[in-house]
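Chemist: Residues per chain are reported as follows:
Number of protein chains: 2
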Amino acid sequence: MKLTVETLLINTGGSRIAILSEESASQLGVHSSDRIRVKYCKREMIAIANIADFYPHGRIGLYEETAAALGVKEDDTVSVQLAPLPESLFNVRAKLRGERLREKDIITIVKNVVERHLSNAEVAAFLTALNIYGLSASENEALSKAMVATGKTLSFGEGPILDKHSVGGIPGDKTSMVVVPIVAAAGFTIPKTSSRAITSPAGTADRVETLCPVNLSINEIKEVVAKTNGCLVWGGSLELAPADDLFIQVEYPLGIDPMLLPSILSKKKAVGATHVAVDIPTGMAAKIKTRTEAYTLASDFVDLGKRLGLNIQCALTFGDQPLGCGIGPALEAREALTTLMGGGPSDLREKAVSLAGMLLEMVGVENGRAKAEDMLDSGKAEKKMREIIAAQGGNPAVKPDELPVGAKKAEVRSQHTGKVIWLSTEDIVRIAREAGAPREKGAGIVLFAKLGETVHKGSVLFEVYAERSSKLASAIELAEKLSPVALTKKPAEKMVLDQVPEKVSHEKAFMLDR
Amino acid sequence: MKLTVETLLINTGGSRIAILSEESASQLGVHSSDRIRVKYCKREMIAIANIADFYPHGRIGLYEETAAALGVKEDDTVSVQLAPLPESLFNVRAKLRGERLREKDIITIVKNVVERHLSNAEVAAFLTALNIYGLSASENEALSKAMVATGKTLSFGEGPILDKHSVGGIPGDKTSMVVVPIVAAAGFTIPKTSSRAITSPAGTADRVETLCPVNLSINEIKEVVAKTNGCLVWGGSLELAPADDLFIQVEYPLGIDPMLLPSILSKKKAVGATHVAVDIPTGMAAKIKTRTEAYTLASDFVDLGKRLGLNIQCALTFGDQPLGCGIGPALEAREALTTLMGGGPSDLREKAVSLAGMLLEMVGVENGRAKAEDMLDSGKAEKKMREIIAAQGGNPAVKPDELPVGAKKAEVRSQHTGKVIWLSTEDIVRIAREAGAPREKGAGIVLFAKLGETVHKGSVLFEVYAERSSKLASAIELAEKLSPVALTKKPAEKMVLDQVPEKVSHEKAFMLDR
Chain A
347 MKLTVETLLI
357 NTGGSRIAIL
367 SEESASQLGV
377 HSSDRIRVKY
387 CKREMIAIAN
397 IADFYPHGRI
407 GLYEETAAAL
417 GVKEDDTVSV
427 QLAPLPESLF
437 NVRAKLRGER
447 LREKDIITIV
457 KNVVERHLSN
467 AEVAAFLTAL
477 NIYGLSASEN
487 EALSKAMVAT
497 GKTLSFGEGP
507 ILDKHSVGGI
517 PGDKTSMVVV
527 PIVAAAGFTI
537 PKTSSRAITS
547 PAGTADRVET
557 LCPVNLSINE
567 IKEVVAKTNG
577 CLVWGGSLEL
587 APADDLFIQV
597 EYPLGIDPML
607 LPSILSKKKA
617 VGATHVAVDI
627 PTGMAAKIKT
637 RTEAYTLASD
647 FVDLGKRLGL
657 NIQCALTFGD
667 QPLGCGIGPA
677 LEAREALTTL
687 MGGGPSDLRE
697 KAVSLAGMLL
707 EMVGVENGRA
717 KAEDMLDSGK
727 AEKKMREIIA
737 AQGGNPAVKP
747 DELPVGAKKA
757 EVRSQHTGKV
767 IWLSTEDIVR
777 IAREAGAPRE
787 KGAGIVLFAK
797 LGETVHKGSV
807 LFEVYAERSS
817 KLASAIELAE
827 KLSPVALTKK
837 PAEKMVLDQV
847 PEKVSHEKAF
857 MLDR
Chain B
347 MKLTVETLLI
357 NTGGSRIAIL
367 SEESASQLGV
377 HSSDRIRVKY
387 CKREMIAIAN
397 IADFYPHGRI
407 GLYEETAAAL
417 GVKEDDTVSV
427 QLAPLPESLF
437 NVRAKLRGER
447 LREKDIITIV
457 KNVVERHLSN
467 AEVAAFLTAL
477 NIYGLSASEN
487 EALSKAMVAT
497 GKTLSFGEGP
507 ILDKHSVGGI
517 PGDKTSMVVV
527 PIVAAAGFTI
537 PKTSSRAITS
547 PAGTADRVET
557 LCPVNLSINE
567 IKEVVAKTNG
577 CLVWGGSLEL
587 APADDLFIQV
597 EYPLGIDPML
607 LPSILSKKKA
617 VGATHVAVDI
627 PTGMAAKIKT
637 RTEAYTLASD
647 FVDLGKRLGL
657 NIQCALTFGD
667 QPLGCGIGPA
677 LEAREALTTL
687 MGGGPSDLRE
697 KAVSLAGMLL
707 EMVGVENGRA
717 KAEDMLDSGK
727 AEKKMREIIA
737 AQGGNPAVKP
747 DELPVGAKKA
757 EVRSQHTGKV
767 IWLSTEDIVR
777 IAREAGAPRE
787 KGAGIVLFAK
797 LGETVHKGSV
807 LFEVYAERSS
817 KLASAIELAE
827 KLSPVALTKK
837 PAEKMVLDQV
847 PEKVSHEKAF
857 MLDR
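Chains A and B, in that order, give the protein sequences. For the first sequence, the tail end lands on 860 under my numbering, and the numbers increase by one without skipping. For the second sequence, the tail end lands on 860 under my numbering, and the numbers increase by one without skipping.
Just chain A, same shape as in the assembly:
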């Protein structure tokens, strides 16, 4: 069928969609979500049909990027026919029935996802089925490899390339900002790419951005690493494993994360890492709640690493409360810098030294922890961090208290005396985000009471920082409603969690930040 092009002057950044009238669709035998083959001169492409009630017959609506890909402009005539379903859709259907997929099936799916031949609904169904059935080791391997193969890769030449990753989940975890300069100062290459926060108050990229630019090109990253051994950059625009970015987009509203392993390790493989320390925060404040889950995950990481040629060591870390005291991009960057300068909270120092030590031992350093402590105590790690900041375009002389934090501040005080036995991570995250984090970089929380500490009636539990009074007010209102710090006597007050017929809620906080 010949149709006249109407270009829709927007770029949705989404699937390749073509709009057809009901009449054209019916004549073509096309139903909603069917694929059509659109031909213009010698070019052709596959688009997903979107059937619109009152769209004029005889026309086909193409979004700007779709039209550009085909090389057509307004009022050009294209030839349109029903296309067969993409091969990957049959693979998706097989997974919906619970079948294991072969490597070639997975390659087809990942390729079609990157080419946008699968709709978001089809990708969502695939991810849901993976989430319920789980992935076999072979499927994880094939997914990781296919995601690397369809994206860009970095290469830093000979020698071990070190990396560190946290599966995420505890607020205030600024460990990477301490580990990277320690390892780089010890003479090893550690090109750290990281993500921005999606559901948390700060991702590593958000934190580092208060010190220097993080949105570097691949060539800029290579220069920084050549100069300093390390970097702390945002990985989001580098097109490393772009399929993963598309999967994450679909997973996010669904609150599922079935591809945790291939998602993380494909990015590590894409940056050329050879030795990776994986931090698995385990505890009630974290994504991974129990040791059993953590050990299973750790073992899966190691196995998948072997299949991908990555040397992996996992650390199960204490995840019962936020790390350190600062939560929010600038507040966390302050704390990381202070720690590199010899101060900072003891838990952050302890965790950074342990993980850096583990990583150093993986590449043959004897007593890695002592080496890591030495880098920190000698000031070499701080110096290295300032080199990295300078190389990425920031001010190397910056002092922690020069990093601007929210000018609006309020304290939340305890109404009782007792010991802190529970800090609700989920509530703390909500309050910090309500205050403006991560977008408003100075917003966040500073904790004054942590687990096991005694607080008195009237003493400060935490401070809330915001850049705007309205945000501060609503964050404080939320803090008072949620009351995220539980003291000794509180839990017994409410022994019944819920009642059935009213359903028991097994709500698990969903965190997706990598």
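Hint data in this document are derived by calculation from the structure and do not stem from the laboratory. Some clues are possibly wrong.
As the list claims (entries may be wrong) - Partner residues are not named here, just some residues of chain A that face chain B (Cβ under 8 angstroms, in silico): (1) L354; (2) S372; (3) H377; (4) S378; (5) S379; (6) R383; (7) L435; (8) L442; (9) A470; (10) S501; (11) G505; (12) I544; (13) V596; (14) L600; (15) G601; (16) R785.
Since we're looking at a predicted model, the values are computed, not measured. All C-beta atoms in this analysis are idealised placements derived from N, C-alpha and C, irrespective of residue type, glycine included.
Here the structure of chain A is known, so what remains is to put chain B in place on it, guided by the hints.
Modeler: Leaving out everything else, chain B in the frame of chain A:
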């Protein structure tokens, strides 16, 4: 944030989507698939954010229908903020974790689906989880009721309202076209709504449309039923259980059908049915392959019927081959009309008389089968059918061979002598569709060889009809490639179905036609 409206002059018929620039989205703290609240004067609405790379900052793109709903036009200024996630999304997430949903959760989901507050990706995830976990009886009940409550309903006053439904799956099943006039001729009300083919060569609506219009309004249906006791209309535009139509749209590319029971029974409830005969074709040509599956499904139908106040009786019917000989809208309508006139294939007559008899006995008729036979043999059923055709606007005097079938015709002949032991339904469907069915109403297949019959080398296995030579040629080519009729000696030729590492395929033909 204030944004200037750009109306996008198309109607996608889809979700309420608003396009934002990356910069606006980042300032609003909005990620792809987040909801935004858009306010204009005193109106407000929730839209799903679509973030576009190069979309101009300061503008918001609204599709025509979305703009109309809000009452804005080009260049108006609207106020936009991040909206909380819809409640139903938390219910969807609970189902993704495998939780049972409460009635109120399901009401919220169905309501939000109809309001288009859930994206297709979210609906797809929900349906996939239902497909894997299955639905409890309470969930089926709540879904059915919620889908009825969010749509229009029909009412035909006092007395029993009879209905008949096939769960589908065998090609050439034109039984409804014989059952409806038999039951109506016996004096009972049977307002039959039906669907068009999606994956098959003909739906009941497609078949009947070769005799008279089927796209009637609710008032027209009432008039037809008042006049004749029955009707045979297309249910697709009546907005009976519109949520179901939206679910089906998403299910179709995924090849899943988790809501079979509530989907069918919500429509029956919406048309006011009190007594429903459900046909479950069982066998290798049907959607339901085994007796075990069929009995389970039948029992679920009866139970759900009780919960919904519907009297249901299921018939497990022979589903090892297509019904009758004609396949394709006009060829099937011819056969149905011939059967009403006393001729036609014996399997069609037998099935129609049995099902009509069962339905008549459900409303107290003694020896329903004899009554049904009487209606058929006395010509009363034919007369009734002609009344219905006239009432719906067709020619009541039409003769079977006056129904136009494809002018292009070719025969496929047997290359061997033997008994027919297998007819591949899936292949027959593909060939009929390749010939142009269901869109080209005269296209299709007439079978000359059915199970157990002896064919000789060179005798006709089936005829293919098409409206265009090109379609006929490609259908014949496909027929020769697929060779859908297996004779006695054939199966032993290929004992190994597949090999693993190459995966064993459990491919099951997916049919979605109701």
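Chemist: Work down the list of hints and note, for each, if the structure agrees.
Modeler: Going through the hints against the structure:
The criterion of a C-beta within 8 angstroms of any C-beta in chain B is met by L354 (chain A), whose closest approach is roughly 6 angstroms, and the hint holds. Evaluation of the S372 (chain A) hint against chain B yields a held restraint, the C-beta minimum of about 7 angstroms falling below 8 angstroms. Taking 8 angstroms as the C-beta cut-off, the interface hint given for H377 (chain A) holds, the closest approach to chain B being about 6 angstroms. Interface restraint check for S378 (chain A): the shortest CB-CB distance to chain B comes to about 5 angstroms, inside 8 angstroms, so the restraint holds.
For the restraint placing S379 (chain A) at the interface with chain B, the shortest Cβ-Cβ distance is roughly 4 angstroms, inside the 8 angstroms limit, so the hint holds. Proximity of R383 (chain A) to chain B is violated relative to the hint, the smallest CB-CB distance being about 15 angstroms (cut-off 8 angstroms). For L435 (chain A), the interface hint holds, since its Cβ comes within 8 angstroms of a Cβ in chain B; the closest pair sits about 7 angstroms apart. Interface restraint check for L442 (chain A): the shortest CB-CB distance to chain B comes to about 6 angstroms, inside 8 angstroms, so the restraint holds.
For A470 (chain A), the interface hint holds, since its Cβ comes within 8 angstroms of a Cβ in chain B; the closest pair sits about 4 angstroms apart. Because the smallest distance between the Cβ of S501 (chain A) and any Cβ of chain B comes to about 27 angstroms, over 8 angstroms, the interface hint for this residue is violated. Interface restraint check for G505 (chain A): the shortest CB-CB distance to chain B comes to about 37 angstroms, outside 8 angstroms, so the restraint is violated. Interface hint status for I544 (chain A): upheld, as the beta-carbon distance to the closest one in chain B is roughly 6 angstroms, under 8 angstroms.
The beta carbon of V596 (chain A) is positioned within 8 angstroms of a beta carbon in chain B (closest approach about 5 angstroms), and the interface hint is therefore held. A least Cβ separation of about 5 angstroms between L600 (chain A) and chain B falls short of the 8 angstroms threshold, and the interface hint therefore holds. A distance limit of 8 angstroms between C-beta atoms decides the matter here; for G601 (chain A) the minimum to chain B is near 4 angstroms, and the interface restraint holds. Among the interface hints, the one on R785 (chain A) holds; its C-beta lies about 5 angstroms from the nearest C-beta in chain B, closer than the 8 angstroms criterion.
Checked against the numbered hints above, the structure violates hints 6, 10 and 11; every other hint is satisfied.
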